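> Add chain B to chain A, keeping to what the hints say.
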Amino acid sequence: MTPVDFNYLRDMLKQRSGLVLAEEKQYLLESRLMPVAREQNMESLSELVAALQKPDGESLRKTVTQAMTINESFFYRDKTPFENFRNIMIPAMLATPRAASRTLRIWCAAASTGQEPYSLAIEIKEMAAQLGNWNIEIVATDLSEEVLEKAKAGLYSQFEVQRGLPIQLMVKYFQQTGSLWQIDSSIRSMVSYKHFNLLDDYARLGTFDIIFCRNVLIYFDPPTKTDMLARMAQRLRPDGYLVLGAAETVIGISEEFKPVTDARGLYAMQVAAAAAAAPVRATPSASARPAPSVSGLGTTPAKPATPAAAGLGAVTATPAAPAVSGVGTPTVSGITKLA
Amino acid sequence: MKHCLVVDDSSVIRKVARCILEDMSFRTSEAENGQEALNKCLGEMPDAILLDWNMPVMDGIDFLLALRKESNGETPKVIFCTTENDAEHITRAISAGANEYIMKPFDKDIIEAKFQEVGLI
Numbered sequence: 000m001t002p003v004d005f006n007y008l009r010d011m012l013k014q015r016s017g018l019v020l021a022e023e024k025q026y027l028l029e030s031r032l033m034p035v036a037r038e039q040n041m042e043s044l045s046e047l048v049a050a051l052q053k054p055d056g057e058s059l060r061k062t063v064t065q066a067m068t069i070n071e072s073f074f075y076r077d078k079t080p081f082e083n084f085r086n087i088m089i090p091a092m093l094a095t096p097r098a099a100s101r102t103l104r105i106w107c108a109a110a111s112t113g114q115e116p117y118s119l120a121i122e123i124k125e126m127a128a129q130l131g132n133w134n135i136e137i138v139a140t141d142l143s144e145e146v147l148e149k150a151k152a153g154l155y156s157q158f159e160v161q162r163g164l165p166i167q168l169m170v171k172y173f174q175q176t177g178s179l180w181q182i183d184s185s186i187r188s189m190v191s192y193k194h195f196n197l198l199d200d201y202a203r204l205g206t207f208d209i210i211f212c213r214n215v216l217i218y219f220d221p222p223t224k225t226d227m228l229a230r231m232a233q234r235l236r237p238d239g240y241l242v243l244g245a246a247e248t249v250i251g252i253s254e255e256f257k258p259v260t261d262a263r264g265l266y267a268m269q270v271a272a273a274a275a276a277a278p279v280r281a282t283p284s285a286s287a288r289p290a291p292s293v294s295g296l297g298t299t300p301a302k303p304a305t306p307a308a309a310g311l312g313a314v315t316a317t318p319a320a321p322a323v324s325g326v327g328t329p330t331v332s333g334i335t336k337l338a
Numbered sequence: 000m001k002h003c004l005v006v007d008d009s010s011v012i013r014k015v016a017r018c019i020l021e022d023m024s025f026r027t028s029e030a031e032n033g034q035e036a037l038n039k040c041l042g043e044m045p046d047a048i049l050l051d052w053n054m055p056v057m058d059g060i061d062f063l064l065a066l067r068k069e070s071n072g073e074t075p076k077v078i079f080c081t082t083e084n085d086a087e088h089i090t091r092a093i094s095a096g097a098n099e100y101i102m103k104p105f106d107k108d109i110i111e112a113k114f115q116e117v118g119l120i
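Here the protein sequences come in this chain order: A and B.
Note that numbering that gives the first Met the number 0 gives residue 330 to position 331 of the first sequence, counting from 1, and the numbers run on in steps of one.
Note that numbering that gives the first Met the number 0 gives residue 80 to position 81 of the second sequence, counting from 1, and the numbers run on in steps of one.
If you are wondering where the hints come from, they were derived from the structure by calculation, not from laboratory data.
Nothing here was measured: the structure is a model prediction, and the numbers come from that model.
List of simulated lysine-lysine pairs, DSS-like, C-alpha gap at most 27 Å: (1) K124(A) <-> K149(A); (2) K107(B) <-> K149(A); (3) K107(B) <-> K78(A); (4) K107(B) <-> K24(A); (5) K39(B) <-> K107(B); (6) K193(A) <-> K78(A); (7) K68(B) <-> K1(B); (8) K13(A) <-> K193(A); (9) K193(A) <-> K124(A); (10) K78(A) <-> K151(A); (11) K1(B) <-> K78(A); (12) K149(A) <-> K61(A).
In isolation and in its complexed conformation, chain A is listed as follows (with noise of 0.2 Å):
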C-alpha cells in the first residue's frame, strides 16, 4: 500500500467514523480490506482506494468503513463488567426513587453482534427475584447494519457461545438450530437494536441509566475522547453508570465522570458521586449469580448533543485462534463494534 492510500484510507475513516489509524496499523488495513476488495473483483488496495474516491463510491465506503470497525466480542467479556452490575449497579438503581417507576433504560453504544447486550439481558432474567416486574430496556446500536442483523438473529456459532458464557446458561437460555444456537425470543426482545453512528446526535436515544461503552474509547485520540464523554454525560442520569473497558479510563479526558471506588471500568457522574459518598453494593450473599437450574425458563427529553465532529468507532487486531482439536473446522468469531 503507497503511503498516499493509506492516507487516503486513515482520512476517510477519522472522518466518517472517527477512528483513528496509526501507521503501525497497517496491516489491520490489508487484513480486513482485501477481503472487501476481492468481493468487488479487485487485485489491490490502490484499485479500492480509486474506487472510493469515486463520486458514486458510496456504498463502496460505507462498506469499507464497517469492515474496519469490526471488533470481535463474546458473551460475559471481561467478567467484571456483569459482576459490577449485579453487585453495584442494579442494587443502587432498586435503592434510588426510580424503584418506584421501575423503569431502567442502559444503552450498549457498541453492540456488536450482541453479545454484551444479550448478556445483560440474560444477567436481567437471572435477578428476577428483584427486577421481574421492572420495565427494562436495552438500546444496542452498531455503526454496522451488517453486525446488528446477526445480533438481532441471536444466532451464533458453538465458538461464540463457549466462549465466556456458562454452560448453565448457554443450556438454559440457547436452542440449537442445526450447528448454531439461538438464544431464546424472550431474551431477544429485551434488546432493542438501532444502526447508530456515535458521530450523530445521541438525543434521540433518550436517556439512559446505564450506558455501557467498552473498548471503543481506546480507539480514539484525546479530544474525540473527551468529546464523546461529554456528550454521553448529557444522556445519563445524574445517578446513573457509565461503564468502559478495563484499558480504558476517564482520567484527564473527562471532568463529568469520576472511577467508582473498587470497581475497575465503572462510572459515576461528579454530581452524583459527590452527593452520595459511596454507591449501594449488594451483599455478599446476594452478589453471586445463583446456579440456575438446568431446566428451561423461563426515555426522557435531553439536552442536544454538541454538534461538531467527533466520530465514534473502535477496531481491534485481535483475530479469534484457530481450533486446535481434531474435530470440525476452524471457526472464527468477528464482531463489531462502534457506532
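Just chain B now, with coordinates in the frame of chain A:
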C-alpha cells in the same frame, strides 16, 4: 501447581490438551478411558479433569457418576470436552455433576474461559 487429569481415547487430543494446560501452569496426567481415570483418581485425586464422553471400557458419563460417588463433593472440577454437542447430552452431564462443558473443537481461549468459569484459574 494444580493438577489436571486429561481423559480421552485420542492420543492427539490428550497431547494438545496437555500442551494447553501446561501453558496454563497446570501439572497434567492422562488416561485413555474412564476406568483408567478412575484408578488414577483413587491413587491421587486431581484438582481438575478434562473429560471426553465416548471412550472404550468406560465412557465419560459412567466415569463421572462413579467419581462423584467416590469424591463425595464438588472436587475435582470436571469439564467435559466432547463432540457430543446437543442440549440433551449437556443437560445429562450437568445432572451427573459436570461443572462445565466444552464442545469440540476447542482452542486455548475456550479452555481458559471454562477453567476460569469454574474457578480453577
